[in-house]
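Undergrad: Protein sequence lines, in the order shown, are assigned to chains A and B. In terms of the working numbering, the first sequence opens at residue 36 and continues consecutively. In terms of the working numbering, the second sequence opens at residue 2 and continues consecutively.
Some clues are possibly wrong.
What the hints assert, rightly or not - What the simulated footprint calls covered on chain B by chain A, stretch by stretch (three residues with Cβ under 8 Å from a Cβ of chain A suffice, anywhere in the stretch; the number is not a length):
(1) 358-366
(2) 543-550
Claimed, not checked - The list that follows gives simulated cross-link-like pairs (lysine-lysine, DSBU-like), each with its CA atoms no further than 30 Å apart:
(3) K424(B) / K197(A)
(4) K117(A) / K424(B)
(5) K122(A) / K199(A)
(6) K199(A) / K424(B)
Just so you know, these hints were derived from the structure itself, not from any lab. Each residue gets a CB set at the ideal place from its N, CA and C atoms; glycine is no exception.
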Amino acid sequence: MTKRTDAVVTRRRALLAGAAAAGFLGLFTRGNAIELRGMPAWDPLSGPPPDIVKPGPWQFFTAEEGTAVEALVDRLIPPDPKWAGGKDAGCAVYIDRQLAGPFGRSAGLYMRPPFDEQATDRGPQSPFTPAQRYRRSLADLDEHCKGAFAGKSFAQIPDAEKDKLLSGLESGAVTLKHNTGRGFFELLLQNTKEGFFADPAYGGNRDMVGWRMIGFPGARYDYRDWIERHNETYPRPPVAISGAPQWTPRQG
Amino acid sequence: MARKLPATDVVIVGLGWTGSILAHELTEAGLNVVAIERGPWRDTSSDFPVTYAQDELRYHIRHELFLRPAQETLTFRHNARQTALPMRTWGTFMPPNGVGGGGVHWNAETWRFLESDFVLKSHLTDRYGAKFLPDDMTIQDWGVTYADLEPHYDQFEYLCGTSGYAGNLAGQKRQGGNPYEGPRSREYPTPPQKQPYGPTLWAKAAVESGFQPFPQPSGNLSQAYTNPLGVTLGPCTYCGYCEWFGCGNYSKASPQTTILPTLLPKENFKAHTLCTVQRINTDGTGKRATGVTYIDSNGEEWEQPADLVLLCAFQLFNVHLLLLSGIGTPYDPNTGEGVIGRNYSYQVTSAVDAFFEDQNFNPFIASGAIGMCIDDFNGDNFDHGSLGFVGGGYIGAVQTNGRPILGTRAPSGTPSWGAEWKKAVAEHYLSTYTTVTHGSCYSYKDCFLDLDPTYTDAYGRKLLRMTFDFHDNEMKMSQYLTDRLADITQKMGPKVMEKHPRTAPYNVNVYQTTHTCGGAVMGDDPKTSAVNRYLQSWDVPNLFVFGATAFPQNAGYNPTNTVGALAFWGAKAIREQYLKNPGPLVQA
Numbered sequence: 036m037t038k039r040t041d042a043v044v045t046r047r048r049a050l051l052a053g054a055a056a057a058g059f060l061g062l063f064t065r066g067n068a069i070e071l072r073g074m075p076a077w078d079p080l081s082g083p084p085p086d087i088v089k090p091g092p093w094q095f096f097t098a099e100e101g102t103a104v105e106a107l108v109d110r111l112i113p114p115d116p117k118w119a120g121g122k123d124a125g126c127a128v129y130i131d132r133q134l135a136g137p138f139g140r141s142a143g144l145y146m147r148p149p150f151d152e153q154a155t156d157r158g159p160q161s162p163f164t165p166a167q168r169y170r171r172s173l174a175d176l177d178e179h180c181k182g183a184f185a186g187k188s189f190a191q192i193p194d195a196e197k198d199k200l201l202s203g204l205e206s207g208a209v210t211l212k213h214n215t216g217r218g219f220f221e222l223l224l225q226n227t228k229e230g231f232f233a234d235p236a237y238g239g240n241r242d243m244v245g246w247r248m249i250g251f252p253g254a255r256y257d258y259r260d261w262i263e264r265h266n267e268t269y270p271r272p273p274v275a276i277s278g279a280p281q282w283t284p285r286q287g
Numbered sequence: 002m003a004r005k006l007p008a009t010d011v012v013i014v015g016l017g018w019t020g021s022i023l024a025h026e027l028t029e030a031g032l033n034v035v036a037i038e039r040g041p042w043r044d045t046s047s048d049f050p051v052t053y054a055q056d057e058l059r060y061h062i063r064h065e066l067f068l069r070p071a072q073e074t075l076t077f078r079h080n081a082r083q084t085a086l087p088m089r090t091w092g093t094f095m096p097p098n099g100v101g102g103g104g105v106h107w108n109a110e111t112w113r114f115l116e117s118d119f120v121l122k123s124h125l126t127d128r129y130g131a132k133f134l135p136d137d138m139t140i141q142d143w144g145v146t147y148a149d150l151e152p153h154y155d156q157f158e159y160l161c162g163t164s165g166y167a168g169n170l171a172g173q174k175r176q177g178g179n180p181y182e183g184p185r186s187r188e189y190p191t192p193p194q195k196q197p198y199g200p201t202l203w204a205k206a207a208v209e210s211g212f213q214p215f216p217q218p219s220g221n222l223s224q225a226y227t228n229p230l231g232v233t234l235g236p237c238t239y240c241g242y243c244e245w246f247g248c249g250n251y252s253k254a255s256p257q258t259t260i261l262p263t264l265l266p267k268e269n270f271k272a273h274t275l276c277t278v279q280r281i282n283t284d285g286t287g288k289r290a291t292g293v294t295y296i297d298s299n300g301e302e303w304e305q306p307a308d309l310v311l312l313c314a315f316q317l318f319n320v321h322l323l324l325l326s327g328i329g330t331p332y333d334p335n336t337g338e339g340v341i342g343r344n345y346s347y348q349v350t351s352a353v354d355a356f357f358e359d360q361n362f363n364p365f366i367a368s369g370a371i372g373m374c375i376d377d378f379n380g381d382n383f384d385h386g387s388l389g390f391v392g393g394g395y396i397g398a399v400q401t402n403g404r405p406i407l408g409t410r411a412p413s414g415t416p417s418w419g420a421e422w423k424k425a426v427a428e429h430y431l432s433t434y435t436t437v438t439h440g441s442c443y444s445y446k447d448c449f450l451d452l453d454p455t456y457t458d459a460y461g462r463k464l465l466r467m468t469f470d471f472h473d474n475e476m477k478m479s480q481y482l483t484d485r486l487a488d489i490t491q492k493m494g495p496k497v498m499e500k501h502p503r504t505a506p507y508n509v510n511v512y513q514t515t516h517t518c519g520g521a522v523m524g525d526d527p528k529t530s531a532v533n534r535y536l537q538s539w540d541v542p543n544l545f546v547f548g549a550t551a552f553p554q555n556a557g558y559n560p561t562n563t564v565g566a567l568a569f570w571g572a573k574a575i576r577e578q579y580l581k582n583p584g585p586l587v588q589a
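The following block holds chain A by itself, in its conformation from the complex (with noise of 0.2 Å):
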């Protein structure tokens, strides 16, 4: 069982946005600066462990944005008969969720200007944040996909058109109406893969999916009884950062 006061996570909670994004000048309403004398108290179950996803409506994308990134994401990882594809794995709510927090908003990026978006070999020069890259190019997508497929959407083309329509933006073959085709095309691929492999507490890799796929046990941390158990399959199954379906008892 997870107990901890509200007052101890507050006062983490307050420390970390110190250190993150907003730890630097203008930003603060309050000091977070410490002066450290000797060693600071433990205190028990004091740190910031991961915000859980929890199932539920989209918190970033509209309905149509949502059906269209779930039709992305399960052609980027198909699925197969073994295996679930990234709409039943759970990468576009991971997305979603992803969208919604610090990520979405570029927080502790460096984001001052002059932006020189032609440039390609000194880093990424973007002024725009990755929430605002996917609701600009899934709205050029729709419109791309409404103009040559007869006023269908992504999520209502065949596969194979769909399919098409990936390569060819990835290939830098498809453009869409601000230029974002291949550069959409990789944030969406690294955000899928994400979604696929990281902890499912993010949203994704439900069931642990792409752990079981490769043969990864996931969120252990001990090796020391297989390590010199050379070529020889490890035999636990994968655990989360939240625990694996067998240590939660069912109802009824």
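On the provided structure of chain A, position chain B as indicated by the hints.
TA: Frame of chain A, contents of chain B only:
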């Protein structure tokens, strides 16, 4: 207007490895020490406990423990003809942040540099003649020798509890250790870590090829260890979350697991976290530091007067602060004059991917510093006469992790998505093995650091600007090392093998290493070095600059052990020489 705090004996900028070592040594000498740290306080139980430390997304992909570029970043260009653009997110390297600094999230590969590395220019010139070196190469001797630093390598290793097997014990070569290393005064504090399948198979292939592989020295400990300060570390459990992560087991050497538990309770020590030093203050003569000015997380400005100022920030930001404070002459690449920002260097790594059938390497059973290596192609351990380059690196099978977001590979030609990709990563995850080279990067006239004319940080200060690209010498070296690595890796019997030598131009989007070096290098001549052999500023004798900032060029090893040894070396000079007679320890 800055509010003035009571004066202290010593102010330390940055509380990572070097700041912690210096604070420990100088509080032991009875001085009052104040450390100022830009990032937050961090500890094992609160920031990376075993209950959730093993989170690839949070710590690796989202950079939880690192400096935020919004706090401070730098601009980058390949050459002086380009306009430098800001590193808006991190890619090629990961500047640390917070108490413990890079010591929190390193892989803990704990190498010593070669004896010849410290006298590189003289050594290469003696052996091959001055004309053998490229005209624009600006390598130089360090001003210290391996023999000077040996006791301090030993100090750092015994602080950390480093796991390894000596190959040269007081001049006596020993089978099973590195035959090329300089003499060690004693055995490693703890025996080597255990090896998983991949390194074992690679070592067998290396022996068949006539080499003497040895276990990589590791700061992730093979067994529990109590260091000379009385702090105990636990045994590594091979979880595979080292680099980018804090260790939840107290088994990776870091300031938190080796020094801070004895440093923080001291009456004559205190630290301020989430406070950013703006500049080093000097008096009217410019020859004496009077302390530092910093801004806390309320945006309030403070002046901390001190008799002695120690720059212990990350390499890049030591140089940034020197430039912002107007200490020393900034380097001018056109004339070759000036020293602040001169001789920036990096590290040249490469890899060979080997795809097998019916082999299971369990890549997730890993530690940041296990592995089997050979040192035959490092430094000048091999004859470069016919090769057309200088430098080298260690090569080997180093199993650091099997984390799946970035750790799934498929042979070239596999689509990057779709059914084929999915099938390929499922097939290859357990049966793919990557071997690596870790090579030197020498210094050049056109690789340097200065202040950016356009971009500013959150405080309105000019950002640091990096001008850097790989040179032919290093690319030839990488090709050669990668070929030698592939010769051995091929003997492991892969079905498909792919070589990935490093190639120019330098790609800042892709992580390579965080071994940024130089910019305020040490040496015997104030015309070509910013600090003397004791890391003391030639211009401002009550200022010392620690860290890889001092490396005149980088060797083919991970830098931390040398950074630690230099910290103890500098601390000894301060305690035994400077405090008795404050002033220049070397006459220019």
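Undergrad: Decide, hint by hint, whether the structure agrees.
TA: How the hints compare with the structure:
Residues of the segment 358-366 of chain B with a Cβ under 8 Å from some Cβ of chain A number 6, which satisfies the need for three, so the listed coverage holds. Restraint check on the segment 543-550 of chain B versus chain A: 0 residues with Cβ-Cβ distances below 8 Å, three needed, restraint violated. A distance of roughly 19 Å separates the Cα atoms of K424(B) and K197(A); the hinted pair therefore holds under the 30 Å criterion. Of the supplied pair hints, the one linking K117(A) and K424(B) holds, its CA atoms being roughly 11 Å apart against a limit of 30 Å.
Simply put, K122(A) and K199(A) have alpha-carbon atoms about 19 Å apart, close enough for the 30 Å limit, and the pair holds. Restraint check for K199(A) and K424(B): the C-alpha separation of about 19 Å stays at or below 30 Å, so the hint holds.
Hint violations for this structure: number 2 only, all remaining hints satisfied.
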